[in-house]
Amino acid sequence: MNKENKFAAIKKGLLELAVLRLISRRKVYAADILAELASTEFATQEGTLYPLLSRLALESAVGYEWVESAGGPPRKYYSLTQKGKQQLGSMLDYWKKLGATIDGLGE
Amino acid sequence: MNKVITISLGGRAYQLEEGAHDKLRSYLDEAARRLAADPGKDEILSDLERALAEKCERFLSPAKNVVAAAEMEQILKEMGPVESSAEGEAPAEKPKAAMAHAKRLYKLKEEGFFSGVCAGLAAYSGLDATVVRLIFVLLTLFTSGSWILIYIVLAFLMPRAVTEEQRAAAYGDPFTAKEWVDQAKGHYEKLAENHDWRAMIREARLKRREERRARRNYVYPHGRFGPFSLLLVLIGGAVSLVWLLGLAGIISGGAVLGWALPAGVPLWLALLGWSCLYAAIAVPLRLLRRGACCGPDGKPCGGYGLAASRAVLNIILWTSLAWAVLHFVPGSHRFFDGLTQLGSEIGRLFTAH
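From first to last, the protein sequence lines are chains A and B.
Residue 1 is where the first sequence starts when you use our numbering, and the numbers rise one by one after that.
Residue 108 is where the second sequence starts when you use our numbering, and the numbers rise one by one after that.
None of these hints come from the bench; they were simulated from the model.
Every residue gets a Cβ at the ideal spot worked out from N, C-alpha and C, and that includes glycine.
Careful: at least some of the hints might be erroneous.
[Stated by the list, open to error] Here are the simulated lysine-lysine pairs, DSS-like style, with alpha carbons at most 27 angstroms apart:
id: 1; chain 1: A; residue 1: Lys85; chain 2: B; residue 2: Lys110
id: 2; chain 1: B; residue 1: Lys130; chain 2: B; residue 2: Lys148
id: 3; chain 1: A; residue 1: Lys76; chain 2: B; residue 2: Lys184
id: 4; chain 1: B; residue 1: Lys148; chain 2: B; residue 2: Lys110
id: 5; chain 1: A; residue 1: Lys97; chain 2: A; residue 2: Lys6
id: 6; chain 1: A; residue 1: Lys11; chain 2: B; residue 2: Lys216
id: 7; chain 1: B; residue 1: Lys148; chain 2: B; residue 2: Lys184
id: 8; chain 1: A; residue 1: Lys6; chain 2: A; residue 2: Lys83
id: 9; chain 1: A; residue 1: Lys6; chain 2: A; residue 2: Lys76
id: 10; chain 1: A; residue 1: Lys6; chain 2: A; residue 2: Lys96
id: 11; chain 1: B; residue 1: Lys210; chain 2: A; residue 2: Lys76
id: 12; chain 1: B; residue 1: Lys184; chain 2: B; residue 2: Lys130
id: 13; chain 1: B; residue 1: Lys110; chain 2: A; residue 2: Lys12
id: 14; chain 1: B; residue 1: Lys130; chain 2: B; residue 2: Lys171
id: 15; chain 1: A; residue 1: Lys27; chain 2: A; residue 2: Lys6
id: 16; chain 1: A; residue 1: Lys96; chain 2: A; residue 2: Lys11
id: 17; chain 1: A; residue 1: Lys12; chain 2: B; residue 2: Lys314
id: 18; chain 1: B; residue 1: Lys184; chain 2: A; residue 2: Lys6
id: 19; chain 1: B; residue 1: Lys130; chain 2: B; residue 2: Lys110
id: 20; chain 1: B; residue 1: Lys130; chain 2: A; residue 2: Lys76
id: 21; chain 1: A; residue 1: Lys83; chain 2: B; residue 2: Lys148
id: 22; chain 1: A; residue 1: Lys27; chain 2: B; residue 2: Lys148
id: 23; chain 1: B; residue 1: Lys314; chain 2: B; residue 2: Lys171
id: 24; chain 1: A; residue 1: Lys11; chain 2: B; residue 2: Lys148
id: 25; chain 1: B; residue 1: Lys148; chain 2: B; residue 2: Lys216
[Stated by the list, open to error] Footprint (simulated), chain A over chain B, 3 or more residues, beta carbon under 8 angstroms:
id: 26; stretch: 160-170
id: 27; stretch: 182-193
id: 28; stretch: 381-387
id: 29; stretch: 426-432
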C-alpha cells in the first residue's frame with residue numbers, strides 16, 4: 001500500500017508529460033487518450049484527465065477543435081500548440097536529466 | 108415502475124431513471140465543489156457532461172431509451188472522482204463529512220431479526236448484534252418478561268435508518284460534546300434569525316419526502332430480496348424449524364423427530380450434537396445468504412470467520428432461549444410436548460417414504 005502510494009505521487013506528477021506526448025503524435029480526443037493510457041502505468045479516468053486538459057488549454061499548451069460525432073455530442077480534438085511543443089521538449093529533457101542523476105547517484 | 112427524468116447533457120436530451128438522476132446529480136455537485144477554485148471549472152464541467160453523455164449512449168438503443176440507476180453507477184465509476192489539476196485545490200468540506208458520519212442511534216431493519224433495534228444498538232455500541240440480542244433475551248428472562256416492554260418502546264422510538272447517510276451514521280463516529288453544542292447553537296441561530304415557521308415546516312416536509320424516496324429506491328446490498336435469496340431464506344427457515352422441533356423433542360421426550368436417542372446419551376450431549384448438526388447445515392446456508400454483511404463497496408466486511416462465529420452465537424442464543432422458556436415459563440412444557448408430537452409426526456412422514 002505504502003509502496004503504491006509512493007508510486008502514485010510520481011505517476012500523478014508525470015501524467016502531464018505522458019498526455020502531452022500522446023497529443024504530440026496526432027490529434028486525439030479524450031477517450032482516445034484514456035484508451036491508450038489504459039494499458040500503461042498511467043491508466044486514469046475522466047475525472048482526472050479533463051481537469052488536466054483544461055489546465056493545459058488555459059496554459060495554451062494545447063489547442064482543440066470541435067468535431068461532430070455521429071451518435072453523441074460533438075468532440076474536442078486536442079493538438080499541441082507551439083508553446084506545448086516547447087513545454088514537452090523541456091519536460092522530456094528534464095525527465096532524462098532526472099533519470100541520469102538518479103543513475104549517477106547509485107554509482 | 109420507475110419515474111423517469113429528462114435532462115440535457117452536452118446539448119442533447121437523455122432520459123434517466125430517478126435513481127440514476129440522483130446519482131448523476133450528486134456526482135456533478137461533488138465535481139463542482141471540488142473544482143470551485145479551478146479557473147477552468149465551467150469548461151471542465153461541460154467536458155464531463157459530454158463524456159457522460161457519450162457513455163450514456165453506450166447503454167441506449169432504439170429499443171431502450173432510459174438509463175437505469177445501475178448503469179449510471181457503472182458510468183460514474185468509470186469516470187472516477189474529479190480531481191482539480193489547478194494549484195490550491197479546494198479542500199474537502201470537512202464539517203459536512205464529519206456530520207454525515209457522526210454516530211446516531213437508528214434501527215437497522217435490514218440487518219435485524221425483528222425490528223432492527225438490537226442491530227442498531229449493536230452498531231451504536233460496537234458490540235456484535237448477536238451479543239446484544241443475547242443480553243436482551245437474558246434481561247427479558249431476569250425481569251420475567253417486562254424487558255420486552257422496553258424493547259417495544261425502543262422499537263417505536265428509534266428512527267429507522269433509511270438513507271445511505273443514515274446507515275453510515277448508525278455505524279459512524281461517536282457524537283462529540285462539541286457537536287451537541289454546535290448543533291444547539293445552529294438551531295438557536297436558525298430560530299433567532301428565522302421566525303418563518305412555515306419555511307421550517309416546508310423544509311421538514313421536503314426532508315421527509317426525500318427519506319420516503321430513498322426508502323423506495325433503497326437497493327439491498329447483495330440483493331437480499333432476489334428470487335434466489337428468497338429461496339435461501341425459506342430453506343434456512345425450514346432448517347431452523349426442524350432444528351427447533353428436534354430441540355424440543357430432546358428436552359421433553361428424549362427423541363429427535365420421533366427417533367429415540369441411543370441409551371446412555373446425556374441430555375447436554377444430545378442438545379450439543381443436534382445443534383452441531385444444525386450448524387453444519389445452517390452455517391453454510393447463512394454464509395450463502397448473508398455472505399457476511401456487506402460494506403458500502405458491496406464487499407463482505409468482517410469476513411467468513413465473523414459470519415461463522417455469529418452463527419455459533421445464534422445457536423447458543425436460541426438454545427438458551429429454548430431452555431430458559433422451558434424452565435421459567437409455566438405451561439411451556441405442554442407447548443413443547445405439542446411441538447414434539449408435531450415433530451414426530453413429521454419424522455414418521457419421512458420414515459414412511
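Hint-by-hint comparison with the structure:
Distance check on the hinted pair: Lys85 of chain A and Lys110 of chain B sit about 50 angstroms apart at the alpha-carbon level, beyond 27 angstroms; violated. With a CA separation close to 20 angstroms, the supplied pair Lys130 of chain B and Lys148 of chain B stays within the 27 angstroms bound. A threshold of 27 angstroms between alpha carbons decides the hint, and for Lys76 of chain A with Lys184 of chain B the separation of about 22 angstroms falls inside it, so the pair holds. The suggested pairing of Lys148 of chain B with Lys110 of chain B is violated, with an alpha-carbon distance near 31 angstroms, which exceeds 27 angstroms.
The hinted pair formed by Lys97 of chain A and Lys6 of chain A meets the criterion: a straight-line CA distance of about 21 angstroms does not exceed 27 angstroms. Distance hint between Lys11 of chain A and Lys216 of chain B is unfulfilled; the C-alpha atoms sit about 44 angstroms from each other, more than 27 angstroms. With a C-alpha separation of about 21 angstroms, the suggested pair Lys148 of chain B and Lys184 of chain B falls inside the 27 angstroms cut-off, and the hint holds. Proposed proximity of Lys6 of chain A and Lys83 of chain A is contradicted: the alpha carbons are some 31 angstroms apart, above 27 angstroms.
Between Lys6 of chain A and Lys76 of chain A, the direct Cα distance comes to roughly 33 angstroms. Violation of the 27 angstroms bound is thereby established for this hinted pair. For the given pair, Lys6 of chain A sits about 20 angstroms from Lys96 of chain A by alpha-carbon distance, which is consistent with the 27 angstroms threshold. With a C-alpha separation of about 46 angstroms, the suggested pair Lys210 of chain B and Lys76 of chain A falls outside the 27 angstroms cut-off, and the hint is violated. Straight-line distance between C-alpha atoms of Lys184 of chain B and Lys130 of chain B comes to about 11 angstroms, which keeps the hinted pair within the 27 angstroms bound.
Distance hint between Lys110 of chain B and Lys12 of chain A is unfulfilled; the C-alpha atoms sit about 41 angstroms from each other, more than 27 angstroms. Between Lys130 of chain B and Lys171 of chain B the CA atoms are separated by roughly 20 angstroms; this keeps the pair inside 27 angstroms, and the hint holds. Using a Cα cut-off of 27 angstroms, the hinted pair Lys27 of chain A and Lys6 of chain A is violated, with the two alpha carbons roughly 32 angstroms apart. A hinted pair counts as satisfied when its Cα atoms are at most 27 angstroms apart, and Lys96 of chain A with Lys11 of chain A qualifies at roughly 16 angstroms.
As the CA atoms of Lys12 of chain A and Lys314 of chain B are separated by approximately 40 angstroms, the hinted pair breaks the 27 angstroms bound. A hinted pair counts as satisfied when its Cα atoms are at most 27 angstroms apart, and Lys184 of chain B with Lys6 of chain A qualifies at roughly 24 angstroms. A C-alpha spacing of about 14 angstroms is found between Lys130 of chain B and Lys110 of chain B, which places the hinted pair at or below 27 angstroms, so the restraint holds. For the hint linking Lys130 of chain B to Lys76 of chain A, the alpha-carbon distance of about 26 angstroms falls within 27 angstroms, and the restraint holds.
Note on Lys83 of chain A and Lys148 of chain B: the hinted pairing holds, with a Cα-Cα distance of about 23 angstroms set against a maximum of 27 angstroms. Distance hint between Lys27 of chain A and Lys148 of chain B is fulfilled; the C-alpha atoms sit about 24 angstroms from each other, no more than 27 angstroms. For the hint linking Lys314 of chain B to Lys171 of chain B, the alpha-carbon distance of about 33 angstroms lies beyond 27 angstroms, and the restraint is violated. For a cut-off of 27 angstroms, the pair hint linking Lys11 of chain A to Lys148 of chain B stands: about 24 angstroms separates their Cα positions.
For the suggested pair Lys148 of chain B and Lys216 of chain B, the alpha carbons sit about 42 angstroms apart, so the restraint of at most 27 angstroms is broken. Using a Cβ-Cβ cut-off of 8 angstroms, 3 residues of the stretch 160-170 of chain B lie near chain A, which meets the minimum of three, so the contact claim holds. With a threshold of 8 angstroms between beta carbons, the proposed coverage of the stretch 182-193 of chain B by chain A holds, since 9 of its residues qualify and at least three are required. Coverage of a stretch by a chain is defined here by at least three residues with a beta carbon nearer than 8 angstroms to that chain's beta carbons; for the stretch 381-387 of chain B and chain A the count is 0, and the condition is violated.
Check result for the stretch 426-432 of chain B against chain A: violated, 0 residues qualifying (beta carbon to beta carbon below 8 angstroms, three or more required).
Hint compliance for this structure: hints 1, 4, 6, 8, 9, 11, 13, 15, 17, 23, 25, 28, 29 are not met, and every other hint is.
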